[in-house]
Structure formats: structure tokens, C-alpha cells
Amino acid sequence: MKALAASRRHRLAPVILMTLALFLTGAVYAALAPSSAQANSASADDIEEGRRLFITNCSTCHGMDAEGSDTVPSLIGVGAASVHFQVITGRMPMDADAPQAGAKPPQFNDEQARQLAAYVATLGPGPGIPGEDVVDPELGNAAEGMQLFRTNCAMCHNFVGAGGALSNGKYAPALDDSTPIEIYEAMITGPQSMPVFNNANLNEEDKRNIIAFLISQREPNPGGFNLGSIGSVSEGVWAFLVGFGLLIGAAVWIGARSS
Amino acid sequence: MSIEQSDHSTELTEHPATFPNPGLPPHRPRLGDEDPKAAKRSERLVLLLFTVSVLASIAAIVGYFAIPVDPETGSVGNTRLSTLIIGLGLGLGMLGIGTAAIHWAKSLMNDHDKVEERHEIAGDAETRSTAIEMFNDGAKDTDIARRPLIKGALGGALALAPLPFLVPLIGNLGGDWDISRFKRTAWAPAANGDRIYLATDPTNRRIKASDVTIGSLFHVMPWNLPEHPNYLDEKAKAVVLLVRVDPQDLKETEERASWSYDGIVAYSKICTHVGCPVALYERETHHLLCPCHQSTFDVTDEAKVVFGPAGRALPQLPIDVDENGYLVAQRDFDEPVGPSFWERER
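In order, the protein sequence lines correspond to chains A and B.
With positions in the first sequence counted from 1, the corresponding number in the numbering used here is that position plus 340.
Under the numbering used here, the second sequence has 171 at position 184, and the numbering climbs by one with no breaks.
These aren't lab readings, by the way, just hints derived from the structure by calculation.
A hint or two may mislead.
Computed cross-link-like contacts, DSSO-like style, restricted to lysine-lysine with a CA-CA straight-line distance of at most 27 Å [unchecked claim]:
hint : chain 1 : residue 1 : chain 2 : residue 2
1    : B       : LYS222    : B       : LYS195
2    : B       : LYS138    : B       : LYS127
3    : A       : LYS510    : B       : LYS291
4    : B       : LYS93     : B       : LYS27
5    : B       : LYS222    : B       : LYS291
6    : B       : LYS238    : A       : LYS510
Just the calculated beta-carbon pair ranges, DEER-fashion [stated by the list, open to error]:
hint : chain 1 : residue 1 : chain 2 : residue 2 : range
7    : A       : GLY403    : B       : ARG168    : 25 to 35 Å
8    : A       : PRO560    : B       : SER167    : 48 to 58 Å
9    : A       : PHE363    : B       : ILE45     : 27 to 37 Å
Here are some chain B residues the structure puts well away from chain A; computed CB gaps all over 12 Å [unchecked claim]:
hint : residue
10   : PRO3
11   : ASN8
12   : LEU42
13   : GLU120
14   : ASP128
15   : GLU322
Ideal Cβ placement from N, Cα and C applies to all residues, glycine included.
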């Protein structure tokens, strides 16, 4: 006991204690947190809770039975993936009528989003929320993902996923902060202007490769500043303002009379 | 000086016909010309700038050896650091020399203005007449008017001499001059009459019509095109975009009614303006946008141009379904794909 009391003051004690605490937290979390498989096979309680959330938060526009209207899409048959994507990225509930519902801080947490999705999934069959291993970038091939991304996605989302403009105020968002699950759900459901890329077009392996490519783009760039990766516009602004500015400054200094 | 000038301007009521040459402004000594301490300061600054240059160059060389960028041992962060150090060293090394030299010249070397008079470019009359005389004498001496054979031989030699340079230059532009290749693509049925299947690009999987759900977008190339000897050349002409829209939304003329299949339509992806890949598809408006110049095509209306500089609709690929449900091209495009060229009819 005395030895323990003495070692309490050892300089490594905080490190060891912190490590133990982290392990304990991880173990407790793993034991208590619902796994994604459980969340996918939603319980009746989840569906009921999702229905309640739907009635209070979504039915104003989408209708009590999610049937939609002339201007609001019906949610029957859109599937759990679509609801989960729209809610977890903050696109829904929409806060203003705009050309496009943009991402914003989400109003619901992941559990609530899955409950909502579980409820909407009961209205009609549609694509479900993918499991963690389906979207794990570690299992994908970034090089093949790049080929697929270049052909299928890059024309709107830019060659490294930096996003780009469409017509009439619509845009393809940047993919820097999208999670693998969100990227997968966007491909399979085609939110808003985006076309659908179902599993016959890009199968699960293709989708995982694309996710691996996008995640690999977040590593530091050996080339230095990428200036937003939007190509000649930002590079040109940089060259004209900073480069020419410095050259003009140098020319003025060279031409000025010495005091 | 400025007070004097302002006095002058108030006295002048009208401008004189010519202004006299004001000459050089008076020489004003710099600080360093009169104060040896200031000169010493300038000297030290020049020395400092040269020293910065020396240190930066040495730092760049040290950085090159000290920071490993070998892919086996180094990381991306190392590469960035190495590039940064070498670049900064190189830049400061040269900037130091430049700024030191200019500061040296401006503050320590003499700053007396020197005048260099300009001269007329043309020679004087005598030189010119002599030159013309010499030229005429030479022409008379050749007797070219009386020796037509030599005149012809000279002309022929001069005309032919550039050809050994020009002919390979033009000949090397392309292997052959078969312009008809612009007018056909890899969608043309094979020699044995087999029709070409539609396949996903770049994964080369055949596409079932039932897999193309409404709102789907498929990037398509002819099946097994990667085996073609001129794969990339052929792909550049043959890429196609496949979408399925609600058949009720589709506006089709009589003639093209058989070109689509249950709302599935296939259009060339090569813009008719300058040949960019038109692939930004807005699922809700059924508009296809070209990323280069924003030409916009309406997929539901035979890919007609609704906005932008493109002059023609995108060519449509007539498609069909085989007995197993796979999509197949009926035949090649009816018109050349891509931008206009000199032998194109429209």
C-alpha cells in the first residue's frame, strides 16, 4: 500500500492513469453503444419513436402520411438511406426555401436520424443505411476509386471533390467533410440534383473504392498549398494579386530615388 | 523649387509656342554622400543582404541532405518540408543578391545623371546614294535579264529549299488523312453484324435495362472497348451518357420513337461546341451541362440546346434490348459526334 502511494507521484503515473481511463471508456462504450447492425434492424420502439419525430418535425411539408405534394417530394419508397443522409447532414428539415437545401448543423443526432429513417423505410422499400464495413475506406482501392470518380463524379464535384457550381443557384457540394456513410448514401439515393448511382451501375466495391479515393484526398498534399483545389481560378488570383503585386512593389523600389 | 514654379505659373497668362529645355534637375546629395556614418550604414546593410543570401543558399543545401524524402523512409510531411526549405533557400539566396546589388548601386555608387544623346537612325544622303548605287551595280553585273535559264533555276532552288523542312512538319501531324474516321465510332456493328453492347465506363460491365432505374445516370462505352488497339482514340469518340427518365416526360419525334427503350435514352457525351465531356446531369431538371462553356442540353427533348454556345443537339445513340435484357446499340450514330469540322455537312 505504501509502495502504491509512493508510485502515485511517479512522473509516468498520469500517463498510465490516462491510458487506463481511455481503455475503460472504450470498453464501456463498446459494451453499451448500439452497433450499426442493431440500428439497421430497427425495433418497433425505434419505428414508433421515428413516427413521432416525423409527425412533429417533417409532416408539416411532407404530409402526415409522407405522401408529399406538388412541390414537396413523397417519401414513400425513398428508403432509409435517403432519410438518414438528408437528416444527418442537416439538409432536412429545410430551414428556408432555396434552390437547393444545403448542409448545415444537423438538428437530430444519429440515433434519431436512424429512428426517422426506420419509420420512413416502413412506408415502402428503398435503399437501406449501409453497414460500417460496406463503406470502410481501408478496404477500398483508392487508385480504382480515382478512375471511377473521374468518370462518374468529377464533372460536378471537381477532381478531388472540392465541389462546383450547377445552374440557377444549385451546386455540387464539396466532399471534404462527408463521412463514408454519407458519401455512400448520396450515391445510392441521388439527393436533389444528383443522379442515382445504384448498385448495378457502381457496385458496393466500386462505391467503397470511390470512398477510399475521397478519404485519401484528405491526406496532406506533398505539393504544398492547394488553394482550394479549384484549379486555375484561385491559382490565377494568387499569381495576379500576390505575384504581380510583389513585382510592382519591387519595380517601384528599384525606381525610387535613394535618400 | 516648387515655390518658384508656382510663381511662374501665376505669372503666365498664355502658353509660349515652345518651352525651353529645362535641363537636368539639380543634383541633390544623398545622406551617405555627406555623412560617412550613413554610408557605413548602407555598406553594412548591403553586407547583411549578401549574408542573408549566403545563409539561405547554405540552408537549402543542408535541408536537401538533412530531410529525407525517400518514399521508403520519408513521409508526405517530409516532402513538404524539404520542398519548402529548398524553395525558400533558393528564393532568398537570389533575392538577397538582387536586393543587395540594387541597394549597393542606389546608396553607395555615384548617382550623377548622365546624358546620352540620341542620333537619327537614317544615314546621311551621301551614304544612302552610295548604297543604292552599289546595289544597282551588282544587279547590272548579274545580267539576270539576259540569262533566263539561271533566273528560272534560282527561282526553283529557292522554292524547293524550304520543302524538306515543311513536308515532314505537316506529314508528322498525323499518320493518315482519313477524315471519314470522324464520321464513325466504335458503336458501328462489327464486321460479322454483331451489335455492340453498352457497358459501364470504366468497369466494362454490360448493362441490363432493368438496372437503369429512373433518375439513374450511367457513363457508358462500347463493351470490351479496352481491348481495341486504339482504345483511347476510340473511347474519345464513343463515350455515351445513359439516363432513364419517366417515359411521359420524354418528347420524341416519330422518327426517333424507336431509338429509346422505356424512357432510357443514350446521348453522345462529346459536346458539339468544342468537344468537352458533357456530363453534369441535373436529375430534377433533366438538363445536361457542359463544364467548359455551360452549354445546356435538355435530355427529355432530344438533347436540344437550351442554353450556351453549342450549335447542335447532342447526337443520340439508337438503343435496343437483346433477349437477355442487356442494352445494345442498334447501329452507329446517324451523324458525326463532337464539334464541327471542315467536311461536316451541317
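Tested hints:
1. A C-alpha spacing of about 21 Å is found between LYS222/B and LYS195/B, which places the hinted pair at or below 27 Å, so the restraint holds.
2. Taken as a hint, the LYS138/B and LYS127/B pair is honoured in the structure, with Cα atoms around 14 Å apart against an allowance of 27 Å.
3. For the given pair, LYS510/A sits about 21 Å from LYS291/B by alpha-carbon distance, which is consistent with the 27 Å threshold.
4. Under the criterion of a C-alpha separation no larger than 27 Å, the hint pairing LYS93/B with LYS27/B is consistent with the structure, at around 14 Å.
5. Annotation: proposed proximity of LYS222/B to LYS291/B holds, straight-line Cα distance about 23 Å (limit 27 Å).
6. For a cut-off of 27 Å, the pair hint linking LYS238/B to LYS510/A stands: about 25 Å separates their Cα positions.
7. For the pair GLY403/A and ARG168/B, the supplied restraint of 25 to 35 Å is violated, since their beta-carbon distance comes to about 57 Å.
8. Take PRO560/A and SER167/B: their Cβ atoms lie about 51 Å apart, and the range 48 to 58 Å holds.
9. The hinted range of 27 to 37 Å is not satisfied by PHE363/A and ILE45/B, whose Cβ atoms lie roughly 49 Å apart.
10. Listed as a non-interface residue, PRO3/B keeps its Cβ farther than 12 Å from every Cβ of chain A; the least gap is roughly 30 Å.
11. The claim that ASN8/B is not at the interface with chain A holds, since no C-beta of that chain comes within 12 Å of its own (minimum 22 Å).
12. Residue placement check: LEU42/B keeps its beta carbon more than 12 Å from all beta carbons of chain A (closest about 21 Å).
13. Every C-beta of chain A lies more than 12 Å from that of GLU120/B, the closest at about 48 Å, which supports listing it as non-interface.
14. At the 12 Å boundary, the C-beta of ASP128/B stays outside the reach of chain A, the nearest C-beta of that chain being 55 Å off.
15. Against the 12 Å criterion, GLU322/B stays outside the reach of chain A, whose nearest CB is about 24 Å from its own CB.
The structure is inconsistent with the numbered hints 7, 9, although it conforms to all the rest.
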